[in-house]
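Model the placement of chain C on the given structure of chain R, informed by the hints.
Chains as they are written, first to last, in this note's numbering: chain R, 1 to 112; chain C, 1001 to 1113.
Some hints could be false.
What the hints assert, rightly or not - Calculated cross-link-like contacts (lysine to any residue; reagent style SDA-like; alpha-carbon spacing at most 20 Å):
#	chain 1	residue 1	chain 2	residue 2
1	R	Lys36	C	Lys1071
2	C	Lys1055	C	Thr1111
3	C	Lys1057	R	Gln3
4	C	Lys1003	C	Glu1022
5	C	Lys1071	R	Pro39
Stated by the list, open to error - Pair ranges (Cβ atoms, derived):
#	chain 1	residue 1	chain 2	residue 2	range
6	R	Ser26	C	Glu1062	21 to 31 Å
7	R	Ser26	C	Glu1056	20 to 30 Å
8	C	Lys1070	R	Gly40	27 to 37 Å
None of these hints come from the bench; they were simulated from the model. Heads up, the beta-carbon is just placed ideally off N, CA and C, and yes, glycines get one too.
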Amino acid sequence: GQQLNQSPQSMFIQEGEDVSMNCTSSSIFNTWLWYKQDPGEGPVLLIALYKAGELTSNGRLTAQFGITRKDSFLNISASIPSDVGIYFCAGQLKNTGNQFYFGTGTSLTVIP
Amino acid sequence: DVKVTQSSRYLVKRTGEKVFLECVQDMDHENMFWYRQDPGLGLRLIYFSYDVKMKEKGDIPEGYSVSREKKERFSLILESASTNQTSMYLCASSLVGGPGELFFGEGSRLTVL
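The shape of chain R in the complex, shown without the other chains (with noise of 0.2 Å):
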């Protein structure tokens, strides 16, 4: 299946720094949706986006829903130690309905 491209791959981060992720799609998408998982455990969704340019935020973080519906954006403001994991975004293509396709996730660590 499609796979969406992210980047960057990892990042190593001083606690405190601003930390920015993007995805990108040869596709037209519906939803763009980010997770965060831990290491052994499932993704927890972080934010949903339905409408292109939308700009949503929960908490220190903020994604946007990309103008051309093929990118979307993560942005994460004064990163602390417990943001470390990875991080992946995800889709649903127009007019497909059931499926979703994923990013290949960016690892984050965060120096204290």
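Just chain C now, with coordinates in the frame of chain R:
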């Protein structure tokens, strides 16, 4: 809150054994999915179901089967486990026609010896 519960967090099985992974969701979602997650390969869809007794093959169905006898429950079956099926298995559910959100269970880490 939506809750997707996977019955076993950790399993160790021997080659050739039959393995059942159970998943239950409590939000009346029509769609249920089974994925496996491996380092460097991301999430890969094994099977999904959009209604009771309905199932569709995903990208990697070989060696697996599924059962959906009740709307809330979706089972993944490994008829004869092999070492290359050692993986993290994730169940997920979503609402048909809903806002497009997908909710995952906690995952089942299967090791086949």
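Checklist entry - If you check each hint against the structure, which ones fail? => result Those not satisfied are hints 1, 2, 5.
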